[in-house]
Amino acid sequence: MYFAGIDIGSTVTKIVILDDKESLVSKIIRYTAPEHRRFANKLMEEVLEKAELTIDDIEAIVATGYGRVSVPFADKKVTEITCHAIGVSCIFPHARTIIDIGGQDSKGIKVINGRVVDFVMNDKCAAGTGRFLDVIAEALGSSPHEMGEYALRSSSPVTINSICTVFAEQEVVSYLADGVLMEDIAAGIYDAIVARIHGMVRRIGIEQEIIMTGGVAKSRGLIKTAKKRLGRVLTPPEPLITGALGAAIFAKRLFEDSNRKGTLIDKSKRRMDRVTFFDQAAR
Amino acid sequence: MYYAGIDAGSVFTKVAILDDEGTVTYAIRPSGRNYQDSIRSALNDALTRRQTSINDIRIFVTTGYGASAANFPNKYMSDITCMAKGVSFLFPNAKTFVEVGGQVSKVVRIAHGGGVIKFVSGDRCAGGSGRFLQVVSMILNLSFEEMCRLSLEPGKRIKFSTSCAVFAETEVISRIAEGATPEEILAGIRESIANRITNMANRVNAEEDCVVCGGGAKDIGLVKMVEEKLGLNLFVPFEPLICGAIGAAAIGKEICLESEEE
Numbered sequence: 003m004y005f006a007g008i009d010i011g012s013t014v015t016k017i018v019i020l021d022d023k024e025s026l027v028s029k030i031i032r033y034t035a036p037e038h039r040r041f042a043n044k045l046m047e048e049v050l051e052k053a054e055l056t057i058d059d060i061e062a063i064v065a066t067g068y069g070r071v072s073v074p075f076a077d078k079k080v081t082e083i084t085c086h087a088i089g090v091s092c093i094f095p096h097a098r099t100i101i102d103i104g105g106q107d108s109k110g111i112k113v114i115n116g117r118v119v120d121f122v123m124n125d126k127c128a129a130g131t132g133r134f135l136d137v138i139a140e141a142l143g144s145s146p147h148e149m150g151e152y153a154l155r156s157s158s159p160v161t162i163n164s165i166c167t168v169f170a171e172q173e174v175v176s177y178l179a180d181g182v183l184m185e186d187i188a189a190g191i192y193d194a195i196v197a198r199i200h201g202m203v204r205r206i207g208i209e210q211e212i213i214m215t216g217g218v219a220k221s222r223g224l225i226k227t228a229k230k231r232l233g234r235v236l237t238p239p240e241p242l243i244t245g246a247l248g249a250a251i252f253a254k255r256l257f258e259d260s261n262r263k264g265t266l267i268d269k270s271k272r273r274m275d276r277v278t279f280f281d282q283a284a285r
Numbered sequence: 006m007y008y009a010g011i012d013a014g015s016v017f018t019k020v021a022i023l024d025d026e027g028t029v030t031y032a033i034r035p036s037g038r039n040y041q042d043s044i045r046s047a048l049n050d051a052l053t054r055r056q057t058s059i060n061d062i063r064i065f066v067t068t069g070y071g072a073s074a075a076n077f078p079n080k081y082m083s084d085i086t087c088m089a090k091g092v093s094f095l096f097p098n099a100k101t102f103v104e105v106g107g108q109v110s111k112v113v114r115i116a117h118g119g120g121v122i123k124f125v126s127g128d129r130c131a132g133g134s135g136r137f138l139q140v141v142s143m144i145l146n147l148s149f150e151e152m153c154r155l156s157l158e159p160g161k162r163i164k165f166s167t168s169c170a171v172f173a174e175t176e177v178i179s180r181i182a183e184g185a186t187p188e189e190i191l192a193g194i195r196e197s198i199a200n201r202i203t204n205m206a207n208r209v210n211a212e213e214d215c216v217v218c219g220g221g222a223k224d225i226g227l228v229k230m231v232e233e234k235l236g237l238n239l240f241v242p243f244e245p246l247i248c249g250a251i252g253a254a255a256i257g258k259e260i261c262l263e264s265e266e267e
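Residue numbers (this note's numbering), protein chains in the order written: chain S, 3 to 285; chain W, 6 to 267.
Heads up, some of the hints might be wrong.
When the alpha-carbon atoms are kept at most 25 Å apart in a straight line, the in silico BS3-like pairs for lysine-lysine are as follows [unchecked claim]:
1) LYS234(W) / LYS80(W)
2) LYS112(S) / LYS79(S)
3) LYS100(W) / LYS161(W)
4) LYS126(S) / LYS164(W)
5) LYS126(S) / LYS234(W)
6) LYS226(S) / LYS112(S)
By construction, these hints were calculated from the structure, which means they are not laboratory data. For clarity, every value in this text was computed on a predicted model and none was experimentally measured.
Use the sequences and the hints to build the structure in full.
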């Protein structure tokens, strides 16, 4: 028996397929493309093919993330807060604070035994999200990954006074013009984003263990800075998929629940038709 | 004798030269990356237009983001002080002014003579500033002037969900993908800026005469939208960019006259 979780994020889409022992059968991670419905279908077909399964082999499918409404083959839609909490707690049973930094939002989730107790979220302002790092990396003529590596070499990070991404970008440009070392600017940028996120997550109370997820958690520069400020910080082996993993586990529980109640999941309601661009336009 | 005001803003560097009769000569340059260059170039241009030389300038008053780049003796004043003075110089009955700058918007209540009573500034966040207009003109591939001429007719407005200047860029792109016209997008962006300005204006109890300045004041569609939301008539100076520079020059003149009296 198989279960799937699909997490359509603002920047990256992830699908995870689990078996009934909750071990990973297959996963896929791609940049989110426009036209979520068509894109979700295409990616699902791809991951099923990889796992040598068909959609009817999947007992339950749960969609999450900001694009979750655009998944016509999902049996249920669940918020990413819930899914992250489940996914992270599956890997780290003692997790209490989850800090998820996505491409266009960031959130802090307080969990006890996999249950969400409280959360804070920012999706209104680019500061403190992956987007902040993208913009700054571009101003530095580098990539977010490279910037993270640069930051590791700094011994005297600059101070970034602005919160706003637009103003911080200008600060960075003037530091460059003053001849400040790239690594010191990069380290200053990580200090700024960690300070911003710390300020937000502090509102729900930070307790150990702290787990960082999301694409930004892949940056060694960020993790190093976060540890300086927060103490012990753990990251999953693949920080991007905790939401999709949580969704797949949710799918398994959904299936077990409905079995217990005798209300089977109606797979015929799933729509997996190939939607072409022209169909979309005609609609 | 002449008095020079230099306003090195985030997008444009402005120089105004004031004489004893109150005549203003000005020059505007894009700030670029090097304020020293833009200040020198704008100053030389203004001096040439006034047919005078730097030796006849009694005082230089500087203001704006890049003011520290001025490498000659000068007196620095804050941009709000200068702008208030400049607005009052041009519109003696002004009680409020709105500045839509390249990266910061502000609303300032002023006394007769140009003293600052109260102000709100969006200096922590570029949302609702001229940056929004820059983003749209860049994505729609229009010059600022072309954009200002676009869609003065009231039509459909796209509602924007974000007030962040960075996310606005993404949202404009996805709205275009969904088939929105440039006019509809521009109307939505203007509304978003106008909402933000109205919030600030309400916090200082804006009242008439109200002046709008800064680069955003050149977008007549935006000015009309702000008028609609604010319920006030707005005055737009002949050149909305130079209020700060004029104010700086006027302050310079006051300083010189005061020291003469002593």
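Here is what the structure says about each hint:
no.: 1; hint: LYS234(W) / LYS80(W); result: violated (38 Å)
no.: 2; hint: LYS112(S) / LYS79(S); result: holds (21 Å)
no.: 3; hint: LYS100(W) / LYS161(W); result: violated (33 Å)
no.: 4; hint: LYS126(S) / LYS164(W); result: holds (15 Å)
no.: 5; hint: LYS126(S) / LYS234(W); result: holds (23 Å)
no.: 6; hint: LYS226(S) / LYS112(S); result: holds (22 Å)
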